[in-house]
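Chains as they are written, first to last, in my numbering: chain B, 1 to 347; chain W, 1 to 401; chain H, 1 to 254.
None of these hints come from the bench; they were simulated from the model.
Just so we're clear, the structure is a prediction, and the values are computed from it rather than from any experiment.
Mixed in with the good hints, there may be bad ones.
To be verified - These stretches of chain W come out as covered by chain H in the derived footprint (C-beta under 8 Å, 3 or more residues):
1) 44 to 51
2) 170 to 182
3) 186 to 198
What the hints assert, rightly or not - Here are the computed distance ranges between Cβ atoms for each label pair:
4) W/P313 to B/S341: 28 to 36 Å
5) H/P243 to B/M235: 39 to 47 Å
6) W/K338 to B/G266: 37 to 45 Å
To be verified - Distance condition first, Cα-Cα at most 16 Å in a straight line; then the derived EDC-like pairs of lysine to aspartate or glutamate:
7) H/K74 to H/D226
8) B/K346 to H/E54
9) W/K208 to W/E196
10) W/K208 to H/D169
11) W/K123 to B/E345
Backbone N, C-alpha and C define an ideal beta-carbon position, used for all residues, glycine too.
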Amino acid sequence: MDLVLHSVGGLSLDFSTLPQQLVNGLVVGAIYALIALGYTMVYGVLRLINFAHGEVFMLGAYTALLSSWVMGFTPDAISKAFKADQPLTSSPLNLVIMLLVAMAVCAIIGAIIEFFAYRPMRNQSRIAALITAIGVSLFLQYAGQLFLPANPPPSISQEVNPYQKVVSFVLSPAQMNAAGDVIKPQMDITVTVGKIVMLVTVVILMLALTYLVRYTKAGRAMRAASHDFDSASLMGINVNRVVTFTFMLGSALAGAGAMMLATFEGTAMHPFFGLQPGVKAFVAAVLGGIGNIPGAVLGGLLMGLAETLVTWIGFSQYKDAVAFVILILILLVRPGGLLGSNKVEKV
Amino acid sequence: MSLSKILGTRALSVVLAIAFCFGLDAFVTGQLNEYVVRLVMLAGLYVTLSVSLNLINGITGQFSIGHAAFYMVGAYSAGIVSNAIYKTQPLAAPAYMIISMLIGAVFAAIAGLIVGMPSLRLKGDYLAIVTLGFGEIIRIIVLNQNQWGGSYGYAIAPKYQAGWLIWLLAIICIATCRNLLKSAHGLAFLAVREDEIAAQAMGVNVTKTKVVAFIVGAAFAGAAGALFGHMESFVNPDLFKMEVSFLVLTMVVLGGSGSITGSVLAGATLFILPELPRIVSFKMSLGLLLSVLLGIGVLVWMNRKFLEKYHEPDKVKRTLVVAGANIGLVVLAIVVGKLLNNVPVFGTTNYDANKIRYMILAVVLLVIMLLKPTGLLGHHEFSWDWVKRVLNRNKTGEASA
Amino acid sequence: MPLLCLKDATIKFGGLTAVNKVCFDIEKGDLFGLIGPNGAGKTTCFNLITGVYEPTSGDIDFLGTRICGMAPNKIAEIGICRTFQNIRLFGTLSALENVMVGAYLRHKTSLLGGFMLTPAVIKETAELRKKAMELLSVVNLTDVANSRACDLSYGKQRRLEIARAMATDPKLILLDEPAAGMNPYEKDELRSVVFKIRDDYEKTVLLIEHDMKFVMGLCEKIVVLDHGEEIAYGDPSEIRNNPKVIEAYLGEPV
Ligand SMILES: Nc1ncnc2c1ncn2[C@@H]1O[C@H](COP(=O)(O)OP(=O)(O)OP(=O)(O)O)[C@@H](O)[C@H]1O
Ligand SMILES: [Mg+2]
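Chain B extracted, bound-state conformation (with noise of 0.2 Å):
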């Protein structure tokens, strides 16, 4: 007997975990709407989907994994120490040089790619870009698989996250009958205290990277140069270097996902990691309208969410093809995503 179980169309939705998936879902979201930013930093910029930019973002999780090994918490030691009672435990700094040392090296590697591999496509047909960004990712997913430890699938180990403290927030206290039955269990929200961390994070990533296009010079010139590409360079900013911030400022911002998911979530990592966060930050790119930064960040937390939504009906085998619904549906509507503008072309 459990009144909380509705009954929808054939489905049981118990809505007492409902709060907990939305949240579960902006969380998931955030991270998409990190990465979603790379890809619609570069579109706007080089009208090129970066498809390598997922294996960016996978290359940022093993980078977070190696420095915190480099910072003494390989498995050994931390091994070692578990036996000898007396448990590592790392302290804010180290996760914080975990994010930095992460978002730095998806900055050059970003800046790598771009050097050697797209910008001698720039003055080639789009397709022809694209094929080699889809030549690039597989490059790296394949490359990894020789060169980066994947068996068994490490992820970065719980001591590094001192974070793993549970936080509950009571919506509604469960009710009980004259019988002491409950009738209507507790609805409560519980994060790990990481998860919270990396929320505020994301909000403070985003602040910066607005404070960067909006008031900067290199921002200025990066939006020039995505309102027009040509004229921004005969007005004589130097593309070249804009495109270089761009590639640059869009790696690390995956980089600093990656690092936060490989740690907070505990999702194991291996060299194909990139690939399913990648294709769907870059829908939620498309969903808000690509080349639109704000978009970005609200296609990434609608994917997020109906993600969640989705396995919160019953339906998680269909969570991967849920973005891709989703997109169509909404692409077939407005053509130039929520936020983007529709543009007709002038004839």
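Dock chains W and H with the ligands against chain B, hints included.
Leaving out everything else, chains W and H with the ligands in the frame of chain B:
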């Protein structure tokens, strides 16, 4: 050209095609070992896939990157229908295969129609991502159908490995696209690729053209899928992942998008990449791998920096120099790699070829894109006129020398 | 019955009324000019007539049938074809093939036949090629028939656009700034081409042009637009002396 000459040529090509398929069946597939036969069949399937994608991508200019979905729809639909009716129908397996092929084609064509619809509203990258999305949706749906084996896979009866039929399909696919390009109707497709608005202003029915391209392209992929399903007699959704779409797309672009000849050549050769580790089971050491990768980097750099600017009126000499420089570099890279293997740091790790197959694909892709972004053949087609011209030129060259 | 008839044709892009209540009739055999300063809405008028945009209000009739809302290819089919101000040739196709695309509109064989390359299709393709060659010679482009359209010079591209539009066998042909970027010699050549189209091929011509000398010497009737509004209509001498037109062009000798 007179009518009788046209009909004569036509009859000759049909006879040649039939003779080719018959010869394949009678003399080749019987003699070779099972695995090589499999390769011959896969080559045929990939030729069909790349030529049919070329119709959509290269000829009509609709940026579709989810071709594996049509392949999959063909394989599953033909398999499902065959499992249901094959035992109770009167035809022998070879004859039945044609029906199966048609079933696959029809279902894939329906999928093509559905995927083609967005192309009426969406362009370029947006369309690309939607086609990719459709592919993923179809795959995930099948993945979750327990009656079709889900992720485990689906057994298809009868098992039927018909190299001749696969190549017949490939030839029909090539002929269809080639015919189209030779007729004025083909110009409508090309016009849509070049400029939709102008094409429409000239009276081309853009909607119809795009949808037809998607339907026909998908139908051929579906027919290939049907034959693939019966050839393997067991399929699972993993065989139709994004990588397969990318491989086919790579074939189209590397061959030169818009060039059917290019698609055929690329399809018949590149399909080998994912199969490579089964053919040559070599181990690759870190040193060799690194030096080959480095060598490729130098190769791209050398070509772009020097060879592109190397002007030499004598084409033959130029080709020889360019090819010599490239081959020399590759050999050098291998030699350096072998030497590096003696250095303990590099020589220690061995890599399974199985793991580097898609990396090879990626490297091939990147190198060709960086050196020749329009693909190997650009928009050019093979034709007998061209062969004659080249032969004549060589002759006059010799005469003057 | 006029061939083409605009009745209060209006189109708004957001807040901007690009064409505002424009009315004019074109009779069969006219050589009709549409002029006005930059941004007056001339090209937009063409886009309305050829179905690229649908008017926000008002009507456009061709041979008595309403053509608003018709697909551009349908409009081409009933006999209106155009050239583009910002040249829109099929770049990688040859000049000949470009014209053949225009001629393809009047094809009779089925697409299925095209996939099978039936003898009928081969024959038809050869006919289209012949027709296209003929039109190329009208615009003096026979020598570049096999060059890629994007490799041609600007003036040749403009003439190729005309040949391509002619190939659709229109009753009314719309030329958007056909003389733009041409030198005086090319302009003379163009003038004779336009006359040939009208007199030998018996087409009705509506053209946009900024070169006043060219328009005045060519057109028999002229409509002047300014800021989307129709400010004058008449023959060249009337237009030349119309104060509103002079004001619109702000002192430019008309
Ligand atoms: N698709 C569109 N969306 C928004 N505004 C448009 C669109 N097409 C045209 N306009 C605007 O309508 C006005 C008229 O443009 P139009 O191209 O018709 O001018 P024109 O008379 O052809 O000028 P020109 O002589 O420079 O070619 C311009 O202000 C233009 O910016
Ligand atoms: Mg104009």
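key: Proposed proximity, H/D169 with W/K208 (alpha carbon, max 16 Å)   = Distance of about 22 Å is beyond 16 Å: violated.
message = Count the residues of the stretch 44 to 51 of chain W whose Cβ falls closer than 8 Å to any Cβ of chain H, and tell me whether that reaches three.
response = Since three or more residues must qualify, the claim that chain H covers the stretch 44 to 51 of chain W is violated, with 0 doing so at under 8 Å.
message = Assuming the hint says 28 to 36 Å, is it satisfied by the Cβ distance from W/P313 to B/S341 or not?
response = violated, 51 Å
inquiry  = Checking one constraint from the list: CA of W/K208 to CA of W/E196, max 16 Å. Satisfied?
reply    = Answer holds: W/K208 to W/E196 is near 12 Å, not above 16 Å.
ask   = Holds or violated: are the alpha carbons of W/K123 and B/E345 at most 16 Å from each other?
value = holds, 12 Å
key: Whether chain H covers the stretch 186 to 198 of chain W (at least 3 residues having a Cβ closer than 8 Å to its Cβ atoms)   = Coverage by chain H holds for the stretch 186 to 198 of chain W (9 residues, Cβ < 8 Å).
inquiry  = Can you confirm whether the C-alpha distance between H/K74 and H/D226 stays at or below 16 Å?
reply    = Between H/K74 and H/D226 the Cα gap is close to 30 Å, so the pair fails against 16 Å, i.e. violated.
request  = State whether the coverage of the stretch 170 to 182 of chain W by chain H holds or is violated, taking the criterion as 3 or more residues with Cβ-Cβ distances under 8 Å.
outcome  = That given contact holds, which follows from 4 residues of the stretch 170 to 182 of chain W lying within Cβ reach (below 8 Å) of chain H.
key: Range agreement (Cβ of B/G266 with Cβ of W/K338, hint 37 to 45 Å)   = About 43 Å separates the Cβ atoms of W/K338 and B/G266, which means 37 to 45 Å holds.
inquiry  = Taking 39 to 47 Å as the stated bounds, is the beta-carbon spacing between H/P243 and B/M235 within them?
reply    = Check passed, 41 Å falls within 39 to 47 Å.
request  = Please work out if B/K346 and H/E54 have their alpha carbons no farther apart than 16 Å.
outcome  = holds, 14 Å
Hint compliance for this structure: hints 1, 4, 7, 10 are broken, all remaining hints hold.
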